[in-house]
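There are 2 protein chains.
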Amino acid sequence: MTERFELVEKALLAMLEEKKYATLRDILATMNPSDIAGLFLGLEEKQIPLMFRLLPKELAAQTFVEMEPDAQELLIRGFSDNELKEVLDELYVDDAADIVEEMPANVVKRILKHADPEMRSSINQILRYPEYSAGSIMTTEYVSLRPTMTVEEAILRIRRQGIDKETIYTCYVTAQDRRLLGIVTVKDLLLAEDDETIIEDIMLSSNLICVTTQTDQEEVARMFSKYNFLALPVVDGEYRMVGIVTFDDAMDVMEEEATEDMELMGAMTPSEKPYLKSTPADLFKNRFPWLTLLMVSSTFTGLIITAFEDALAAQVALTAFIPMLMGTGGNSGSQASVTVIRSLSLGELKLRDLFTVLWKELRTAILCGTALAAVCFAKIWLIDHLLMGNEDITLMVDLVVCLALLVTVIIAKAVGCCLPMIAKALGTDPAVMASPFITTIVDAVSLLVYFLFAQMLLKL
Amino acid sequence: MTERFELVEKALLAMLEEKKYATLRDILATMNPSDIAGLFLGLEEKQIPLMFRLLPKELAAQTFVEMEPDAQELLIRGFSDNELKEVLDELYVDDAADIVEEMPANVVKRILKHADPEMRSSINQILRYPEYSAGSIMTTEYVSLRPTMTVEEAILRIRRQGIDKETIYTCYVTAQDRRLLGIVTVKDLLLAEDDETIIEDIMLSSNLICVTTQTDQEEVARMFSKYNFLALPVVDGEYRMVGIVTFDDAMDVMEEEATEDMELMGAMTPSEKPYLKSTPADLFKNRFPWLTLLMVSSTFTGLIITAFEDALAAQVALTAFIPMLMGTGGNSGSQASVTVIRSLSLGELKLRDLFTVLWKELRTAILCGTALAAVCFAKIWLIDHLLMGNEDITLMVDLVVCLALLVTVIIAKAVGCCLPMIAKALGTDPAVMASPFITTIVDAVSLLVYFLFAQMLLKL
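Protein sequences appear in the order of chains A and B.
With the working numbering applied, the first sequence covers 1 to 460.
With the working numbering applied, the second sequence covers 1 to 460.
Just so you know, not all the hints are guaranteed correct.
Pairs involving identical chains hold if they fit within one copy or between any two copies, as the list cannot separate such chains.
[Unchecked claim] Lysine-lysine pairs mimicking DSS-like chemistry, simulated, CA-CA at most 27 Å apart:
no., residue 1, residue 2
1, K20, K57
2, K273, K285
3, K379, K459
4, K350, K285
5, K277, K226
6, K57, K109
7, K350, K277
8, K226, K165
Since the hints were derived computationally from the structure, they do not count as laboratory data.
Okay, chain A solo, but in the shape it has when bound (with noise of 0.2 Å):
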């Protein structure tokens, strides 16, 4: 499939370079939007405008959606006012907006002048929502019937209305004042027996689920995949219909909320940009802070080295053991963490269940510790001690091992998943408490617990 398109790719850019504009014209007006935008990162600078005005109208407003906000900020500069007028014509307003909050300040206001009424104050309204909310991610075009029209009455009011809206499957009946009374969906319509059916009658107007303005998208998507809806209708205070989110916008909601957890675990700051698009200036500004902070907080286990150094001169075949303690306990921590960081970001855990979990885990930690302590205990002796001949490792140096790494691993698992609950109850992101942070505090605990079974046992 990949490879497929990748040699349609390499023709068109051929074509395009060798001017067989015609042709190109006839096989882009048969291809999907998306790929369309994928062929425009092949594209120089100069070219883009060229290749875009190949477009037919409509595909061309829906291939611009698809393509990235350098491409698109291109475009719109070289736009003449009247091609700008006719994309945003095409534009569904949530995409508008989308593309509005990536552009700096001039070009907005020429998309704003240049946009008909009703669609700049749509974008305006959808903009002034703050950011991560079903506010800014919700379109305002959708289909609105009344509960006293018959069928026909609605099917009619469809196909007059359909053509501008970013779906018709779901339709949504309200009030005078726009209070939400209903959703009927198209099914529902084409599947009525009579077509004088009046739409009060099959609509489902008990328990709705809906969102207001302000609820957070991580929830928005959430619900989507509860619920499996086609579109989540969006209402304010007074339960009055202000727009629908739509599924593709809640799959793009739920892949964001994702990478951003898998970032914050892997200690860096999330970031919008694409991987391939991001400079190493970028990269370096997501990692830097963390790493520094990570690496100034690991001090303190060097702190616990320092102020057992004499120990560590009597007995020097324990720093052997050092990282593996250290290792053992960052993943034992990060399993815990990881695990419990998913299931609260996909509404599986809820606050309420913090003891349930650390039960859990102290006893998953019981059964992993003492079968690492027994694997360990074994190993050391049977090939530290006896196959390469060390003598400073003795019954009691494998003891003082084993029993750190028990102590260890319950002490890792329980904080591994306690602090992304209280990250959660101090409403931050319980994924900055993974492995990193785990691991450095687990890091300096296991030392501790270490030093200290030698010096009780070893009498250093």
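Model the placement of chain B on the given structure of chain A, informed by the hints.
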């Protein structure tokens, strides 16, 4: 929102206890299947069939689909043959196939016995496709049209057939031999100007986007998020329609795949069981092998320390910086690996980009490494040497630590970005090559670099 649900939930469960069945039935009838399924989670085993029988037939089947496998099994075992048949008749085949996959053999036998012959053969067909393929998540129920039909005939056909189909909004135009000729949406049909228009004239017939039964489900989900389709046609090797994948299944796949990647990144065997349903033994099984593997791998790091024992004994101050070096190296590496893994799984990055990625990461590493080394140098000199008065930490020791830090960051970024791509090239899941493995490798490398610099510059 969630809190409101919890209140409703409690009230409903109280009604069940108090045997107010009539009221309960009326309320349940207005609720959404997903929410009703949520209610069943709070019930005792013997209450489950009781409440289930309060649901109207169609709602009962929709709720059944959303329930947990153990509750489904319990219900099926308790159903009379008649009840089982009624529920099965209301299910969409892809949902039925999902349920069958989760049940023990004797329950499956009973389900297949009571499904009508058409559904039985569809279920069997879906179950034959490899797990995680488009075939295994598709449904065989879709609306098919003929190219010679008029718009009016097409709408009539949808009205007659639509009741049983999961989606009616995208219809597939096929030839006599089921070859896919084109796609037409209900929007196209409703907005067609003339009822006598022939389907062939309005259908989309070129560059049809479709997948085969063997296409990986991750690829299917990626296509949904790229093209924003409601449904995607699934064809066999001869381009004949065999089914469709709907957007809600694609959403589930997206969520599953992201969870799977995160679990692999956290060094766990991915599991489909929700966290709260997993026993400590389940968690142990998914986590212990990875912990053991990583523990044993970190032996190499221990060996390196043992090899340089004498150097450490001569310069005890060096030991204190080991955790900081290993930690920063690990974090730098996992930043790179997380970014690359996510970009690979979103399809933003291809294997052929390996050198672009490596070059970008190397430049980023030099930026991060230099800045970190500078911060570290100042911190060690000002705090550890001057403020804490640690005389062991000479300017030369400080230099060794910071040089080792710079080189470690560079190696870590290179390893972090290359390993996931190599894993992908070898056909393994790139997510395996995340923090835990990267950290283990980088730990060993960073110590080696550290000790080599120490030997060279401190003449140990």
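Structure-based check of all given hints:
1. Proximity of K20 and K57 under a CA criterion of 27 Å is satisfied intra-copy only: 20 Å inside one chain copy versus 61 Å between copies.
2. For the homomeric pair K273 and K285, the shortest alpha-carbon distance inside one copy (13 Å) is at most 27 Å, but the shortest distance between copies (38 Å) is not.
3. Taking the shortest Cα distances, K379 and K459 sit within 27 Å of each other inside one copy (24 Å), while across copies they are farther apart (34 Å).
4. For a Cα distance limit of 27 Å, the shortest separation of K350 from K285 across copies, 24 Å, qualifies, whereas the shortest one inside one copy, 33 Å, does not.
5. Taking the shortest Cα distances, K277 and K226 sit within 27 Å of each other only across copies (18 Å), while inside one copy they are farther apart (33 Å).
6. Taking identical chains as interchangeable, the C-alpha atoms of K57 and K109 lie at most 27 Å apart only when both belong to the same chain, with a minimum of 23 Å there against 56 Å between chains.
7. For a Cα distance limit of 27 Å, the shortest separation of K350 from K277 across copies, 14 Å, qualifies, whereas the shortest one inside one copy, 37 Å, does not.
8. Taking the closest pair of Cα atoms, K226 and K165 come within 27 Å of each other both inside a single copy (25 Å) and across two copies (20 Å).
Violated hints are absent here; each numbered hint is respected by the structure.
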